[in-house]
Each structure stands twice: as structure tokens, then as C-alpha cells.
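Visitor: If you want the building blocks of each chain, they are given just below.
There are 2 protein chains.
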Amino acid sequence: MGQTVSKDNAKPVSLKQVKIKDDFWNYYINLVRDVVVPYQWDAINDRVEGAERSGAVSNFKIAAGLEKGDFYGFVFQDTDVAKWLEAVGYLLEMKRDEALEQVADEMIDIIGKAQQPDGYLNTFYTIKEPGNKWTNLTECHELYSAGHMIEAGVAYYKATGKRKLLDIVCRIADDIAVVFGDGPDQIAGYDGHQEIELALVKLYETTGNRKYLELSSYFIDKRGQQPSFFEAEADRRGRTTHWSNNKIHIDPEYFQAHLPVREQEAAVGHAVRVVYMLAGMADVARETGDETLIEACRRLWDNIASKQMYITGGIGSMAHGEAFSFDYDLPNDTVYSETCASIGLIFFAHRMLQLEPNSRYADVMERALFNTVIAGMSRDGRHFFYVNPLEVTPDVCDGKNKNYNHVKPVRQEWFGCACCPPNIARLLASLGEYLYSTKGNTIYSHLYIGGEMELALGDTKIKLNQQSSMPWEGTARYEVTLEQPASFALALRIPDWSSHASVLVNGEIYPIANQIVDGYARIDRHWTSGDVVELSLEMPIQRVRSHPLVKQNAGKVALQRGPLVYCVEEADNGPQLEKLHLPQQAKLEASYEENLIGGIQVIKAEGLKLQFEQWGSQLYRSNADADLEPASLTFIPYYAWANRGKGEMAVWVKERL
Amino acid sequence: MGQTVSKDNAKPVSLKQVKIKDDFWNYYINLVRDVVVPYQWDAINDRVEGAERSGAVSNFKIAAGLEKGDFYGFVFQDTDVAKWLEAVGYLLEMKRDEALEQVADEMIDIIGKAQQPDGYLNTFYTIKEPGNKWTNLTECHELYSAGHMIEAGVAYYKATGKRKLLDIVCRIADDIAVVFGDGPDQIAGYDGHQEIELALVKLYETTGNRKYLELSSYFIDKRGQQPSFFEAEADRRGRTTHWSNNKIHIDPEYFQAHLPVREQEAAVGHAVRVVYMLAGMADVARETGDETLIEACRRLWDNIASKQMYITGGIGSMAHGEAFSFDYDLPNDTVYSETCASIGLIFFAHRMLQLEPNSRYADVMERALFNTVIAGMSRDGRHFFYVNPLEVTPDVCDGKNKNYNHVKPVRQEWFGCACCPPNIARLLASLGEYLYSTKGNTIYSHLYIGGEMELALGDTKIKLNQQSSMPWEGTARYEVTLEQPASFALALRIPDWSSHASVLVNGEIYPIANQIVDGYARIDRHWTSGDVVELSLEMPIQRVRSHPLVKQNAGKVALQRGPLVYCVEEADNGPQLEKLHLPQQAKLEASYEENLIGGIQVIKAEGLKLQFEQWGSQLYRSNADADLEPASLTFIPYYAWANRGKGEMAVWVKERL
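Same order as they appear, the protein sequences are chains A and B.
Residues in the first sequence are numbered from 30 upward in steps of one, following the working numbering.
Residues in the second sequence are numbered from 30 upward in steps of one, following the working numbering.
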């Protein structure tokens, strides 16, 4: 068990080693524990009134022979149970909970009974189309569903030491290893929706069974090779499609199957699939040291982060295919920016940090986490965004222009396709894994989230107690506890949003100017128990502009303070937000409002507002312009939007010279 | 025959009375005669290589029993033949042409044979579903198709005096009058696509048979009444849909059937249907004097012209439903702006001018004609735009963002759904009808297009010979020829684009300041043969801005000179047009380039161009802006775009203070 290959990679710190104690984040983690996970359990058991039917648990009971009935839901409905179990695993890893564990154990028993003798586990095919398994990898997510169950099995085993689900998922993976491959009776293919790749690396790292790593590599290497596996599969099947009575039409870019992964130059197609694929590629690259794969990861990272990412860390510019579109195309209103895609981007960033610690990965991880991910959930933990727009006019989303049909102006209760809520739950429940990593004798601190962390560097046991005032203020304090003095480095990320950073060690200035490596301030010294490091990051309100080729933001500015991107809402600024202008010289002031949306730092500015009583009713006028009158503008953090009823919202505001 | 009701409406001047002699427009009219109409005849006979199959003529032959085969094309394929015949009618009304007339006569013979004994004429139902006629008015365009044939019958009769097609269409209309109505065995409904309404008024005005006017009124009055006719019809049919095997879902707004027409406050749904409906409503209102109908026409006119119309006279902001979206929503790139919709807007404007001469109608008519309509056709008369974008990036339309799939960066040869090319042909062939109208003792000159016009006001026969330098220069000269001196008024439109107008009568200043009524300068005097009126309109290059609520044009400016809206093209300005800025103080200079795209006035300006070598690769930067460097900008008339290969184009350009 455990890692069998030791390379010069940064190592993540596991959830067991970290105990988050943070004013900002404990709210969300407690919400996941107290509300989201119980609520989702009710939802997947079809016990939430008014929510869309799920069928996920009952599908397993039917497949297990414990209930009569028909399969209900999407072909990948099983993953709602898997993601719930994975989140439960993380919660239990943080804190055991007998009652919750018992519910999970019972679910696992049912899953065990639904597994077929050969290891196959998928309730859709078991109940509905037993003869058709593995015939439509393109559309039917069998390997994707298996991957989620594998992640659940690994998480639950790590948390509880119980092997039952781990054994189940090993049998799933063993079966897949028999079914897939280049042998004469094997399928030389891969899944339409990536996920199995990263799951198999987790399974390898947990079991030490190298077969799983090789299987993951196989899927990655096969992807996009010619002749097309998806086309050949479609031909074998008579070109049916799962979704209608029509014939299938395959757009290989949608599945990132247009080119071998190492030859892909830009992120294209379904955004979640892209980042899940990249996370799996980075995993395999980490374990195998394959430089060509690392290079592909870096190239696609750069494409996403420098050409296709919203300022909120959202990705996916178009609803059609829930997909990337093209470089610098970042519409704010017709955007997709699925919550799951930002979560996947965090998975990818987390893996890149293990490959090569560099603040550019952690900056994006933080951006996605503090903005899109927590915007995806309401403050009550019961309502969720699937799509995260940067500009909303409720009337318009409510049907006036069909290009906006996918955009919801308020969070929804539960989705028929419920990928996002459990994804938020499993990310937040495992947040501790994302804070630190180690490489050699260096401890990297990626995210400024308070709490205790224990680890060993070689024989040295180290405890770090981080206190953070972020995201509201720019300070973090680390207290080091050691059994005996030791030499190592503590590397603190200097975020891209900070204009100036300074460090005190035991109250004295520690000069970092020449100690910044790959975006981290290295404090490399001989430490004694009780040493205190104080990081101070200037956190000015920033006026952010987009690359000039982003048409949609031309002439517009967004405000950011620390990791938080801000927005204007109708609740504070009245309707027709397009009337607002922020002069370049306007003074911006931040103030904490304790009673607003759980307590937030608000930014106020003396702005301008179009008034066009003088303009008249003409649609076009020559040699005329609208008047501007003074108006007080209020910005709130983007994550907090849509918690005060239905109204307009915009991140980008017109700038005035 | 002839008009039987005489009211105080303005009367149009017919095509026979006008002989266009105009440098700018004769090119287009000759193109229609020499290229478009012959080409379209080949196209609907399936003789154009590389173009999509039409089937339109052969459908008639099959229905007539003259050929074997199956119906091909859309359910409204017959209208391609009808619109072609209508265009032929207008060409013949301008100038008889035996060869062309013989081809048309032969086509009309075939049509006569395809007509059923009861008068019913529709090749789709006759060939394919004889038992299902009149069962899916919602989707299947039977009355729409009938309407187009009626327009053809009227035009062909007026041109040639031949009654055969007129008799055919009277029998069609007579049959419709039997089938539709509130009687026990009648259908109390209306068509999903308006067109029959305006056609029946033409038939009434030509035949004097008031039944046709009443039938038109009936369709207009029924529309949008509750309970829904479309829903009831769907229920009777088992809720099938013509377009797939699914069940029908009816969006009443798409068909303007959400409210009775008199209660509709804004233009919604399919744009062509809206303006065809409004043209029919204005026709009925003109003939009946129904004030409530006139009021509805005015209200919807105002909504379109002051809240939902592109600067090019295009309408329809969204591809989904080829439809209006909502007030001030005018995206330039995902726009629909169908050529047919602008043609329909011209039909509507033309009718409003007959109801009440007011330059606001003629201004829009001119805007749509000089910009969208002639942009819809290439200079060679063989390539057409269906969608008329105001901003194009070819890469993007070619599939990178699916929201742009409907936008083509170059004109296409022939469409499977070929509504636009024949619509351009019939409008341009009948252009003479749109130039003048009379009301009481006033002759209104709406469009400055040169040529001769003869009419009688009471007993006074008047000849007007207009010479126009427009659209390139702002002068028009009228020479009046009379048999004897007479008193009447000549009312010359002062266009919305002119900053100053002056009039000379026989070389002497005629003060018009107090003579402007509803946007027309009235020259009310006693005239003698040989009198000459010279109109001089200042035609400065205008910097046009949009109403501040048009988000898409905020901070942008468009250039217009006379009726022509300008654009920048990649051919002149290089790629990435979003880099261009036009400073508010930039000097603008127009110059005529004889050899460019048939001879056009080009506008040049010293502008600015973003250069972002300094910006770096970051997608977002705080406290940074891109640099601008001087760049010479070239604007060409919008109608002339896409005649020099595939490239970017934009009407709205960023402005710089």
C-alpha cells in the first residue's frame, strides 16, 4: 500500500494532516457537513419535495435485486451516489461520525450487491440494457461512472480503513483492465467523458497496483488516435445514438478526441471533460515522469489560463456543448462557466502544483475557488448554480432571448443532471488537501486558509498553525511547532493580486526580495519550536482590465480585492446596470458589513450613471451622447451574488477616462 | 375592377407610372432582369450546378400530372415559383419581354393544371399528404403559400392584362373563403406565417371583390384570440409536428398569436412574420379606416423603429426563431437580420406612408433598402445573404462558437430555404412603386431615385423628371411637365440624415423653414410646365451613436453618410478589427473611388489601433492598459461588404474621447 514510486515531485498533504480552522471557510465546510451532504442524501433518495426526481439510490437497489422498478435518470445517474460517498469519505477523514458512516456502509452494501460477478457495476446497463454494455463509450459514460465510484472507494478507504468499497472498485478496475486494451478480444478505446484516468491513478497510489496506472496511461494515449475509435464504435453499433432516434453525429473536438492529447494546442470542446482529462494527464505524468505529457499539460494550461478563462476562474464560453469556444472569446452573458468545470480546473491546478510548484497554478486555483465555486452554492447550502454568468438580466434569461435559456438568475434546488452540487460538496469536504504540498525540504503554502497541519519531512515532524485574515485582510501568521530544531524551507505564495508582500520572522523583517522562486517567498532557515512567521500582503482594490483582444470587456473594468472578484447587483445599484460607469479617478473604499450576506467587505465608489431623459426616444442619433450624472456605486464579492432575490448583476463595468 | 372605396389615404404610384433612370439603382434593376431572375429560374428548375436542389418547378409538374416523382423541398417550396412569377410581373410591367412572358405563361399553365377542382393549390399536400390539407396551419404555411401565389397573380395581371393566373388565384381565395370562417363546417383559424392578409387586400384592390378584404380582416382579427386556435388544431391532429416525430410544442409569441393583434405592445417572435402581419394590418386599416388597427400599427412601428432595429434597417436580434428578442437588444455578431425581414419592413413602411405620409416611415424604408437589402445580394447577382451581420469574424462563424453557426462570412449560392433571393428580386423589380405617393393635391417624393413619373391629380396630368445624385451627393432636381398650369404641392422628404436642406424653384430660393410638415418640405404653388425644383441636402459624414440602453454598442460609433451606413473591412484595415479606435476628433474624409466595388464613396480617418506587445500574455492585468498607435482607417458602405473575399467586418467601431 502507499506510494511505490518516489520521484522528485511535490507531494500533496493529505486531508488527515490538515484541520481547517478558518472563519471564512469553516462556514462552507460545516455547510457541506450539516446541510449539503444530508440534503443530497435526501435528494438522491427522492425525498426532497419540489426537487427533480433523482432515482440514483433506487437504481442501485433495483440493480441489486432489492427493489422492483425501472431505471430512472441519466445514463450516468450512479455518479451522484459515488460523489456523495466520496464527500462522505472526506467528511469522515476530517472527523469520524458513526451515524453517517452507518448510512454510507449500508449504501456500500447495496452497491456491492449491484455489482455483477465479473466486476461490472453500472445500474443503467444492468437494469435497462444488459446486452449493450461497453457498446457506446462515446456517449454513455460507463468508464466515467466507474471512475467516480473508484474515487469514492479510495476516499472511503482512506477515511475509515474499511476495504469493502475499495475492493468493489478494484474489481471494477480489474474488469476494465480485462475489457480494454489492444488484445484481440479487447476494446481498443476510451470514454467519451474523461474521469477514469485520474481515478485509476488514485487507485494505483492507494493500492500500489501498477496495472491501474498503466490502464490510465492507456486511455490517455489512445485518445484522439486515428482511425477514430468513436466512429468505429458507432459503425459497429449501427450508428445509433443514446439520446434520440436519429443517427449519431460525432464532433471529435467535443470529446477532445480530434488529436492525440500530446498534439492538442488549445482547449476545445466540453470544458469539464478537458480539465478532467488534463488532471488525469498530470497525474500520469507525475507518476511516469513522461516529459511529453508534462509539456502538453503546460501548453493547455497556458491556453486556458491566458486565453480562455473568465476573471472568476470560470471556463466554458458557450452553452452549445458546454464548451470552450476560441481564444479571447469570453462573453459575460451567454457564458457557460459550469461550476463543475471550475472544480475540474482546481483538480488540474492541484496536480500541476505537484508536478512543479509555481504560483501561477495556485493563483488560478484560488481564483476559481473563491469566486466561481462558492458562487455555485447559496448561503443556505440548498440552492446551486450550474452556469455561472458574469452578467445577468433576469428578464432576458427568463425567455426573451433564447441564447440565454441556460442562464438562471437565481440558484436552483436540485438538477435532473445533478453533477454540480455533489461536486461542490466533495471539493469543499476535501479542501484541506489543497492547502499545502511538500517538495524536498520545502513546505509550500498555496492557500491562505487558517488551521493546523502536521507533517513529517524525513524524520522531522512539523506542526504549522496558520491563522489567516483572508479574504478580507491580507495577513497570515504561521506558528511552527517542532520536537527539536530543524532546517527546512517554508515557501509562501505571493499571490498575483498583491502589490507588495513582506514577511516577519519572530517579529523581525525577513527580506524576501531575492527569495522569490516560482512565485513563492522561500523562508529557508533553521527553525525552533515556537517560531512565528507573519506574512503581510498588500491588498489594494484593483481595477482589472482584460487583454485587448477580449472584445466583450473592451472599455470595461472589474474590481478585485485580494482573491475576490467583485460585481454590482441590482439590489444595491438599481436596475439597468449598463447605465453605470466607473471613472478612472474614482476613489474606491472598502468597508466590512457584518450583517450583509454572512458578512462581506463591500466596495463603494463615486461613479456615474447614464441618464437619458435628454436623449429622447431615438434609437440612433448623430453627434449626440447621453448625459452622465453622479451615482454612488456599490460592489459586492461575486461569490455572494444572487442571495437577495432575483435581480441584475454584472462583473464588468464601463470605465470612464 | 379598380379601387371601389375612396378614402383620404395617400395613394401609391404604380410601377407603370414610374420609369427609373438612376445611376445607382439601374444597376440593381438590370441585375434583377438580366441575372437574378434568369438565374432563379434555373435554380428553381434545378439547373444551377453546385447550388442546393430546389424542386420547386418539378413539384408543380408532378402535381399537374405532367411528371412522375415525389415532392421535394420545404412545405412552402411553391412560394419560390410564386415569387419568381411576381418578380417577372414587375419586370414586364416596366418593360414587356415576349420571351420571358412566354416562359411565365408556360409556368402558369402548369400551375393551372396543378390546381384542384375546388380551387386548392399546394403541391406539397397534393402530392404527399392529400388527406391532411388544412390540418396544420400552425406549421405548414398553406395560407402563406396561397398568399404568395395571389401576389403573383395580381402582379402578372397588372403587367400583362392576362387573367389566367389572376383567375387561378381568385379560385384559391374563393376556396379559402369557403374553408375559413366562424360557420359550423369552417375552420375558425389563421396561418402560422402571415402573408395571406396583405395578399388578399391586393386581390381586393385589383378585383373590387370586397369578400377578399373581409377575409383578410377575418384572419387579422382572429389572430391571438383565446382559446388558442393553434393549440386546438394540434389537439385535433394528435399533437403531431411536421418537422419531427416529437410532439408539437407551440410558442405563441413565435407566431404573434400570444395576444389579439390590437393588444400587442411590442414586436415579438419571427421577424418576417411580424412585418408581413403589420403590412397586412396597415392594408386593412387603410381600406376600412379602422382606428384601433391603425393605432396598433403605429405602436408596433414605434417599437421596432425606436427599440429593435439595427442601424442598417435590419430586424431580428436572435437566430433562435429568427426572431425579435427584446427592447435595445441588438447584438451585432449573433444577429439574425434576415434579408426578407428588412424587405418586409419596407412593405410595412410603404403601407404606413399610404396611411399617413410621415418621413419617419420613409426614413426607415430608405435605411433598409440602401443597407440591408442590397447587402443581401452580391454585385454579380448570384450570391445572397440570408443573415446580415453587423460584425463578422470568419473563423468564428466557421464553427468555433456554435452561437454563430447561422452567420455566413460570404454570400451563398442558393439556399434550400430560398426565401431571400426571390424576395430581393421582387422588391427591386417593383422599386418604382416605393418612390412616390399622392394624397389630396400633394405629390410626396419619398426616395431620391432618378427617373420619370406620370400621374394625374384630378384632371391634372403631371410629369415629373427627377435627377438624383444620391446616395453619393445630396442633390435632387425635378422638372415638372404639365399640359397646362396647375396648383398642387410637391412634398419632398427631408431625410433624418441631413443636417440642412434648401430648395430652389426655378433657380430662386424657396424658403422651406415653415413648410415642413411631417418631415416633408411642401412646395405648394401654381406650377407651369418647365418649372424646376432643386433640392440640396447637406450630407455630412455622421458619427452615429446608439441609445444608451443598447449594451452592444456602448462606447462605439458608426459612420453614416446620406442613407449609407459604413463599415470597416479586413480587406482595407487588416485583421482583428476590434483593435481599431476612432477618436472623437478624428477628421473624416469622403472620396469617390470609381473602380472599387462598382464605384463607392470611401471614408478615411486617422484612427488608432491597439498594439499590445507591451501588454504581455496575461489575460487580466490590474492598473494596466494597452497602447494605441496611429492607424489609417478606411470605411466602405455596408452594402458593399464581402465583395472582396472572406474577411472580418464591423459596423460599430470603438470611440476614443
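Derived by calculation from the structure, the hints in this document are not laboratory data.
Any given hint could turn out to be false.
Copies of one chain are not kept apart here, so a pair can be met inside one copy or by any two copies together.
Quick list of in silico lysine-lysine cross-link-like pairs, DSS-like style, CA-CA up to 25 Å [said to hold, decoys possible]:
| # | residue 1 | residue 2 |
| --- | --- | --- |
| 1 | Lys-468 | Lys-45 |
| 2 | Lys-187 | Lys-162 |
| 3 | Lys-429 | Lys-276 |
| 4 | Lys-157 | Lys-45 |
| 5 | Lys-336 | Lys-429 |
| 6 | Lys-50 | Lys-193 |
| 7 | Lys-633 | Lys-468 |
| 8 | Lys-336 | Lys-162 |
| 9 | Lys-429 | Lys-580 |
| 10 | Lys-638 | Lys-336 |
Visitor: Output the numbers, in ascending order, of every earlier hint that fails for this structure.
Guide: Per hint list: 2, 4, 6, 7, 8 violated.
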